[in-house]
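Residue 1199, in this note's numbering, is where the sequence shown stops; the numbers in between run on with no holes.
Derived by calculation from the structure, the hints in this document are not laboratory data.
Hints are not guaranteed to be accurate.
Claimed, not checked - The calculated SDA-like cross-link candidates involving lysine to any residue, where the alpha carbons are at most 25 angstroms apart (straight line), are:
no. : residue 1 : residue 2
1   : K1040     : R1052
2   : K1062     : G1108
3   : K1144     : Q1179
4   : K1011     : K1144
5   : K983      : L1012
6   : K1193     : A1048
7   : K1062     : A1048
8   : K1106     : I1086
9   : K1127     : E1039
10  : K1056     : K1106
11  : K1056     : E1095
12  : K1193     : N1136
13  : K1040     : I1086
14  : K1106     : M979
15  : K1161     : G1108
16  : K1193     : L1107
17  : K983      : A1051
18  : K983      : E1095
19  : K1062     : K1193
20  : K1011     : D1024
21  : K1193     : N1090
22  : K1144     : V1124
23  : K982      : I1029
To be verified - Have a look at the derived ranges for each label pair, beta carbon to beta carbon:
no. : residue 1 : residue 2 : range
24  : Q1134     : T981      : 31 to 41 angstroms
25  : K980      : M1037     : 38 to 48 angstroms
26  : N1153     : K1040     : 36 to 46 angstroms
27  : N1090     : N1042     : 35 to 45 angstroms
28  : G1053     : K983      : 15 to 25 angstroms
29  : Q1134     : E1039     : 21 to 31 angstroms
30  : A1178     : G1126     : 26 to 36 angstroms
31  : M979      : D1140     : 37 to 47 angstroms
32  : L1012     : S1064     : 20 to 30 angstroms
33  : K980      : L1032     : 36 to 46 angstroms
34  : N1042     : S1010     : 21 to 31 angstroms
Every residue, glycine too, gets a C-beta built ideally from N, C-alpha and C.
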Amino acid sequence: MKTKKIAVILAGCGVYDGSEIHEATLTLLAISKLGATYELFAPDIDQYDVINHLTGQPMNEKRNVLVEAARIARGKIKPLNYYKASEFDALIIPGGYGAAKNLSTFAIDNENMKVNEQVERAIIDTAKLGKPIGAWCISPVILAKVLGKINITLGQNNNVVDVITKFGANHVTTNPTEIAIDKTNKIVTTPCYMLESTIAQVYDGIENAVREILKLTLTLS
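With the hints as constraints, model all of the structure from the sequences given.
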């Protein structure tokens, strides 16, 4: 059987202004442990802001999303405009505030959010080919905005759930290690740090999600 190849979109490096590092790294670990391979992408754009992760305060500097994401990728990452859905079996977007600041404007505009054009294209192109898409933590909001009527989880009921329902999405309540599966649309989501989760619980949720995504790749028409 051909080895499955999964594309992962990063949003920078760091929970407060980029990709959540645990979620991003554990995603790569789960993909590898379950026998698949991965390739990393990020938009080549300026970050919305830069946060001092020690103090939580904004810093007066600019950073690039692709350059910062390369820290997690150990340099092996491509600009998102290089992504071709036809070359991959699935797409995954880990969480972190970068998903809500850099990949979209959810953190700023809430229900009036916009999604980065390259991110939107990647999601739509993947969905059109009937290939699975995974999103962790806050990232399912992006899928709800782009795809509309899908089933996703953000963990427990919170203010974000009100927003995704306005996009037409249905929320599935989950605990830290659980996942939500939309088999019709081939969407798999897990809450990660949207809940008070330990790093072990985050990994269990991600591994469960990646395992299900790989199962869904076997149903491609």
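25 angstroms Cα cutoff - pair K1056, E1095
holds (16 angstroms)
With the threshold set at 25 angstroms, check whether the alpha-carbon distance from K1062 to K1193 stays at or below it.
With Cα atoms ~21 angstroms apart, K1062 and K1193 stay inside 25 angstroms; holds.
Below or equal to 25 angstroms on CA atoms is what counts here, so check K1161 against G1108.
Status holds; Cα separation ~11 angstroms.
Taking the beta carbons of N1090 and N1042, is their distance inside 35 to 45 angstroms?
Given about 26 angstroms between the Cβ atoms, the range is violated.
Could one say that the CB atoms of K980 and L1032 fall in the range 36 to 46 angstroms?
holds (45 angstroms)
Taken at face value, is the distance from the CA of G1108 to the CA of K1062 at most 25 angstroms?
Holds: K1062 and G1108 sit about 14 angstroms apart, inside 25 angstroms.
Pair hint K1193 and N1136, alpha-carbon separation not exceeding 25 angstroms:
This hinted pair is violated, its Cα atoms lying about 30 angstroms apart.
Just tell me: holds or violated, for the beta carbon distance of L1012 and S1064 against 20 to 30 angstroms?
Once the Cβ atoms are compared, 22 angstroms apart, the range 20 to 30 angstroms for S1064 and L1012 holds.
Pair hint K1193 and L1107, alpha-carbon separation not exceeding 25 angstroms
Measuring from Cα to Cα gives roughly 16 angstroms; hence the hint holds.
Between the beta carbons of M979 and D1140, is the distance compatible with 37 to 47 angstroms?
holds (43 angstroms)
Cβ distance range 15 to 25 angstroms for G1053 and K983, holds or violated:
holds (19 angstroms)
Does N1090 sit within 25 angstroms of K1193, going by the straight-line distance between their CA atoms?
violated (34 angstroms)
The structure fails hints 3, 4, 6, 8, 9, 12, 20, 21, 23, 27, 29 (numbered hints given earlier, in ascending order).
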